[in-house]
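> Combine both chains into one complex, guided by the hints.
Protein chains in written order, with this note's numbering: chain P, 1 to 148; chain C, 149 to 446.
It is possible that part of the hints are untrue.
[Claimed, not checked] Some, not all, of what chain C presents toward chain P, calculated at C-beta under 8 Å:
no., residue
1, Ala168
2, Arg171
3, Arg172
4, Pro239
5, Gly242
6, Leu245
7, Met250
8, Lys433
Derived from the structure by calculation, the hints contain no laboratory data. The beta-carbon is built from N, C-alpha and C at its ideal position, and this holds for glycine as well.
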Amino acid sequence: MDPLRIVVAKPGLDGHDRGAKVVARALRDAGHEVIYTGLRRTPEEIVRIIEDEDASVLGLSSLSGAHGFLFPRVCDLLRSAGLDDVVVFGGGIIPQSDRLELYEAGVRAIFGPGTTTDDFIQFLVEVVERRSSNQPVGVGSSDGWHWS
Amino acid sequence: MVGIGVESMTSTELASQAAAGSRRSLARLLSLIQEGDTASIESVSGVENAATIGITGPPGVGKSCLTDCLASYWASQGQRVGVLCIDPSSPITGGSLLGDRMRMEQSGSNDLIYIRSVATRTSFGSLPLRLMAMISALSLAGMERILVETVGVGQTEIGIVSMTDTVLLVDGPDRGDIVQAEKAGLLELADVVAVNKGDLDGAENAAANIRSGLALGNSESIPVLVVSALEKTGIDELVQALEEVQLRPSVEVVRWRHRLTSAILDQVVSDSSFDSTVTSLAEGKITLEQAINMIFQR
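If we strip away everything but chain C, and leave its shape as in the complex, we get (with noise of 0.2 Å):
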């Protein structure tokens, strides 16, 4: 990636200058630190003043305007608000249409939010690599709440518990029937679920289908919300429920889980022989199993 001026800044210097409250040298960090570079990482390392909340749900019920109202309450309240939009990037050319500013009217302008799209390039899952050392710099750049925007994900999506303090699930009316809400996964993790397009017919109805599912469980504790981004309704019982959340013991063995292995996948995939592996293995050069003993082996 090519960027701009600050290029003859060193990370420490950027890091020093995003912490006084340079936006472009924070810019350049994260830039700096999604390429993996080790100096920068290093800076932001173990920086975690934050509060941190995942947004995640489905593709198409609401969740960059959700994030769009949420980051402008807490703006609205003085608070310092970063917010990581992320969006896949093409497995075949690596580019992407990072597309979220779009629906962030309210945001875009206000001086207290920082918003950053991220692709999440040669990562496999629906999450960046180094998505830690990228939260640990907005936090270091004096951000109080962090919001963490995934993209579309499924009913197994579950990375982004291990990587925020909460987990916000949005989804929206009509998303089938109860089955699609028993099933294991991650409605079991999330902190809050919001139902969003409150002002459309079938919201109430989503919303008392997932509460009588997360009641037949251990989760009835779960807070379950119908909000409307577009009319602006719910966002402070919304707010407040997110506020409350208690951790919770039983996801911390998940959160730790997956924080260890995308720790480790970010340093197998950060080592410079892991393309020439690829590039082996796709040349039919070396079998799988004797990749993996050499990524290990090293």
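Same shape as in the complex, but just chain P (with noise of 0.2 Å):
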């Protein structure tokens, strides 16, 4: 699998890094270039790291239990800045009663407690797969594809 620039962000005022510095850690061990964004981001200032860094995947942590306003507003801004096909994956503290939502806003992958790190490297997988044969898989198509 060839590398992916991969942003991880931590979008609002959720001061909880452990995981989303774990991924980054195991994202990078799988090869890939991740560009960890700190804490407190915006939605406007995450999609202008997409933007200049070229990324072309991007995983959200949020453990505050704001992810239902700012998993979608990330969203909408990258579809708004024509990054269409950047793919979008969450973790952390998500109920499965909210994930259907965000599924339908253009995550294509949530991952709770006890994920392991296997888990969204095959996420990755298929993503690159899709992507390579032409399957919608970015936060722009409205194909309902998630990984489950």
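Put into structure tokens, the structure is as follows:
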């Protein structure tokens, strides 16, 4: 699998970054270039980082309960910036009952507590396969595919 | 690397869009340049309008925070600033964790500042291949100042001297005794030295040590300043010192020796047969001497 440029971001007022750092490290060990944003980024800042870094994948981490506002907001801003091909996944404390709404907003996978690093590496393998066979997977596609 | 969107554009189109102010085109162009795409490298070739500053020094002295301060300073003067933050790649997996942005809180959302994290990838030293072309791309895109922040380096890592007009060496308090400053290497080639973390004890002392070390040689005109990226003190003076740097003829030979060496290196490793030669070596099929002959005789 070719290396990807992946942004791992902490949107909003949430100071818990252990999970994001473990994910960033695991993605690095899988051979990817991981840009970690640091804490408390606005959705606008995150989209700017994706654009400037020419990244193709975005991982959003939230443990504050604000995912229902922040994740869709980031997805909307990516689409309005024309960054439709970017693949968005999320992680953190995200109840099952909230997930469908996030998938509908364009998030392609959500990883909660208990996720192994293999899980999201496998997700990325599938993302790359879908992309190379021209199946829609980016945040701008209205196709309802998500990782389960 | 899989990029986004702008893939259907040619490098010429990307270059002209980047020159017209499109951040996304610039971002894609930089990706192509780093991958070694010849047309993209040619599209920016020879563009050298910007004032370039290399920011280097040991790990943990605050290079990223200081880079953030400098970029914001020049942006506040209305200048467009490009920043390349270099971090190492794993030689085994090729992966990289690029974390400089987490220290760049002032610059991150400024429209006048473009920040790009760059992994060293297959480069052998602390600088990525094709860095000169990446600097040219930023210059083409209208950046008036370009800051290149290196990975944390030791005492003899002087490659950055060849890539930028000016070199700022950042050091911190408690970095050892005077002998550390006496060792030859980067210190002699720095145009300005900043002792960061001036809010901590020992910074003035460290600066005094470096000054006395420089005074014993021929380099006493190199300014040594105490700054604090945390408290934003000494930044105006540092900017002034950087803007007043004069070209030193004694450094020109060093500069061009490194520039030529790295250009040759770029050529060698960009050749399609390079990776297979390395594999043959690792499998013991050929000797180092045979490999060198293969590379230079083609």
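> Against chain P, is Lys433 of chain C within 8 Å by beta-carbon distance?
violated, 26 Å
> Min Cβ distance, Met250 of chain C to chain P: is it shorter than 8 Å?
holds, 3 Å
> With a cut-off of 8 Å, does the beta carbon of Arg171 of chain C approach a beta carbon of chain P closely enough for the hint to hold?
With a minimum Cβ separation of about 6 Å from chain P (threshold 8 Å), the hint on Arg171 of chain C holds.
> Is the shortest C-beta separation between Gly242 of chain C and chain P less than 8 Å?
Holds, because the Cβ-Cβ distance from Gly242 of chain C to chain P comes to roughly 5 Å (cut-off 8 Å).
> Does Arg172 of chain C pass the interface hint, meaning its C-beta sits closer than 8 Å to a C-beta of chain P?
Hint on Arg172 of chain C: holds, closest Cβ of chain P at ~5 Å, below 8 Å.
> Report holds or violated for the interface hint on Pro239 of chain C, using the least CB-CB distance to chain P and a cut-off of 8 Å.
violated, 12 Å
> With a cut-off of 8 Å on the beta carbons, see whether Ala168 of chain C makes it to chain P.
violated, 16 Å
> Using the nearest Cβ pair, does Leu245 of chain C come within less than 8 Å of chain P?
holds, 4 Å
The structure does not agree with the numbered hints 1, 4, 8 stated previously, though it agrees with the rest.
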